[in-house]
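Order-wise, the sequence lines are chains A and B.
Residue 314 in the numbering used here sits at position 314 of the first sequence, with consecutive numbering throughout.
Residue 432 in the numbering used here sits at position 432 of the second sequence, with consecutive numbering throughout.
Hints in this document: simulated from the structure, not taken from any laboratory.
Within a straight-line C-alpha distance of at most 30 angstroms, the following computed DSBU-like cross-link-like pairs (lysine-lysine) qualify:
#, chain 1, residue 1, chain 2, residue 2
1, A, Lys274, A, Lys359
2, A, Lys359, A, Lys180
3, B, Lys439, A, Lys301
4, A, Lys8, A, Lys73
5, A, Lys261, B, Lys383
6, B, Lys439, A, Lys162
7, B, Lys394, B, Lys85
8, B, Lys397, B, Lys85
9, B, Lys434, A, Lys305
10, A, Lys305, B, Lys439
11, B, Lys379, A, Lys261
12, B, Lys211, B, Lys238
13, A, Lys190, B, Lys333
14, A, Lys301, B, Lys379
15, B, Lys326, B, Lys143
16, A, Lys222, A, Lys359
17, B, Lys397, A, Lys301
18, B, Lys439, B, Lys394
19, B, Lys434, B, Lys143
20, B, Lys206, B, Lys161
21, A, Lys190, B, Lys434
22, B, Lys434, A, Lys162
23, B, Lys326, A, Lys190
24, B, Lys333, A, Lys117
25, B, Lys439, A, Lys190
26, B, Lys309, B, Lys326
27, A, Lys305, B, Lys397
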Amino acid sequence: MSGNIRDKVAVVGVGACKFGENWTSSREDMIVDAAYEAYEDAGIENPQEQIEAVFCGAVYPREGTAEIAEALKIFGKPISIVSDYCQTGTDAFRFGALAVASGMYDTVLVVGFDKPKDRGVSGPSVNFDRVRGLPSTPAGWFSLCAARYFETYGAGREDLAKIAVKNHHNGTLAPKSMLKREITVDDVLKARLISWPFGLYDCAAQSDGAAACILTKADGAKSFRDDPVLVKAVTIAVSEHPQRDPDFDFLGWKPTQYAAKDAYRQAGISDPFKELDVIQLHDCFTLTEMLTYEDLGLIDKGSAKEHIASGTFELDGELPINTDGGLKTFGHPTGATGVRMVYENTLQLQGRAEGRQVKNATMALSHNIGGPPTTCGIAILGMP
Amino acid sequence: MSGIRAYGAYIPATRLPLSLIQGRPAKEGGPEKAVAYDDEDSVTMAVAAAIDCLTGIDRSEVDGVMFASTTYPLKEKQGAAVIAKALDLRRDVLTTDFSGSLRCGTSAIEAGANAVAAGTAKNVLVVASDCRMGAPRGALEAKLGDAAAAVLLSADDVIAKLDGSHAISDELQDMWRVEGETFTHAWEDRFIVQEGYTPNMIAAVKGLLEKTGRAASDYAKAAMVAPDARSMGGVVKKVGLEGAQVQDPLFGRLGHCGAAFAPLLLVAALEDARGGDRVLAAGSGDGAHALSFEVTDAIGSLPPRRGVKGHLDRRRPLPSYDTYLKARNLDPKEWAAGADLGLSATIRFRERDTDIGLVGARCTSCGQIHLPRTRVCYKCHAKDQWEPARLSDKQGKVLSYTFDFFFPTAQPPTIMIMTEVEGARVQVQLANAKPDEVKLDMPVEYVFRKIHNAGGKANYFWKASPLPAGA
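This is chain A alone, in the form it adopts within the complex:
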């Protein structure tokens, strides 16, 4: 791979609806809330004229692209939907960025959304449409690395619990998060088990949400706002299936390792721990966050435990991670999550993150990993 998107595309507007159990708002409500906030952020007053194409991410779209067109009343324009597990939002962002970089469009809208809370069940659905691989829940898939990692590196549930405590704290500082409650390590350890080693607080909540951003050509970005954020890298990678790959070692996830390598190449990053200032990573489960520290190459394999203990990734630590509370406190409306991370990173880079602001942030990474897991999306944003 030799192509590079670095500095060709800018983020000039971001928006998000309030994430949560949005019993009283519809998919349309959430899409409109997120998109119109992004329009306003970018100073777009006539979206029907100024938006040339729309790229959406949703894992459970009901009515295809018509749903977005109807919600936003954007007609006669190209609209596409991406659906690829938990990295759906990042992939929608990638298609939008590539479309602008190609010169096909000047300005596009990216919208990620999902609304699992209309299903009437708490937690994941129980799968009965096959016999292999059951029980089949994301908690079950991601927990399969726990036993081997714990035994190899001496980590345990207490280390995971500290990640949940950190993210719950950060979430109290984010206006649009769902959960705004401090918790303790003891709360985490005493909660009911979902899929060992994950108790209730080790799991991201399920929520409804939508997030949006406006992408435009870098050289025209200042006509929208004077502090545009540049796309430094965006990539996805699909890996071997960890339940079938005969070489899988249960110590880390390959999709992140693959995607990180390409993202750092695009962004010209050689020491990610030093060169990145803030990260939103996919904490669907506490263990996912823990292993992702290592899979992103931020720290040495097996050293996550020490960094958790010393607070490296806390809001006032050396490299703050999940500054808005992550999936833990926003929940995980699948298609929205990757775009929500772009929203948070953009606010951080522009110095607009209020009580959770990371000082002097100029390079920010967002990361999703999904499936059993098999797919990863990474976007790196930076100031010019």
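Got chain A sorted already, so can you dock chain B onto it with the hints?
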């Protein structure tokens, strides 16, 4: 001439201490019954008994499967065909189901032996299996049990020659279950014993002795079914047997396991038999049926197997009666089954070798095995260079695990493990274990189980199980 070439048995490890039925705590050593757990039924037990029976035998030699059961879950659709697929037998195997009577286990053995004697088959696998349901806290619940037994009938290399049989047919409504009913019913105890079981059993055994010209004392063991110890006592005296000749009917340990009962007691008798012994086996139901065997010296060289003894020793008593009700699907559910069509029959058909047979694919280019089968090899990227690789009879080891509290089951959590077997990665549930018994790298074997009842049908796949102690 035909006879038994090999035998096997299966008794579920799950036991219900009978005192729990009355709400009293379980006592170690107290009476109990064997219970098929929520992932077991007459088919999965039959597969387990058949695997035990086929220990050391090339499965491609089997050319007939006869499945005897009164509790096979489907009214229309064969059980023997599922069993043949789970055993990864040849496609041109003759499969037949026997049902209707608690006596169908001995009927199938006789039919199988006759097919071999007639020369139409060389090796016929007879599997008898029943999972019997008495109504909760009813009179029958404590008496009925679940188990399976298998014998391979052949002309050559037999360990026990079938040298006589005698059957009695009778019409008497002693025990029955009509279509759509879950529980077995019985007419009044004394009537069915005095007018049914006792005279029929005596007539069958005496008839056999007359036909063969032998005396009761010629038999080392008599493996006879009975509804209870007292009824058996009446028959034993009348046919001229001594107490020491009677094969222990396992009252208070197993329970009356229907079609499997006589075959299972026969297997138990053969486990202790020596060359030259004579063994009598007799089943009862709509009459009675007695079979006579002469044990050969070949029994000494039968490879070791779990049999009745091995399975009886592996016990996992249920902690409560409530758990028993859940495991038997007898507890009320919050959610209706809904419009659940179940699995796609098309996909099940396409994947039957993988799902029912646990047959993976071995790359003939690099040797890597995959399950499920795939087109392009993970390791060497060769395309479509595969040969079948049966994994069900191989040992695996635990690479990782999790305990899932979400999946509906009688006793959460469900233990989900990643196993490595012959280099392939296979994700399965772990049966016969509690979470604190799971260890990384521990060896496991594969057992055929029911994963769920989607679409109202039993849906089978394999699970892993820790090896029994001493295996």
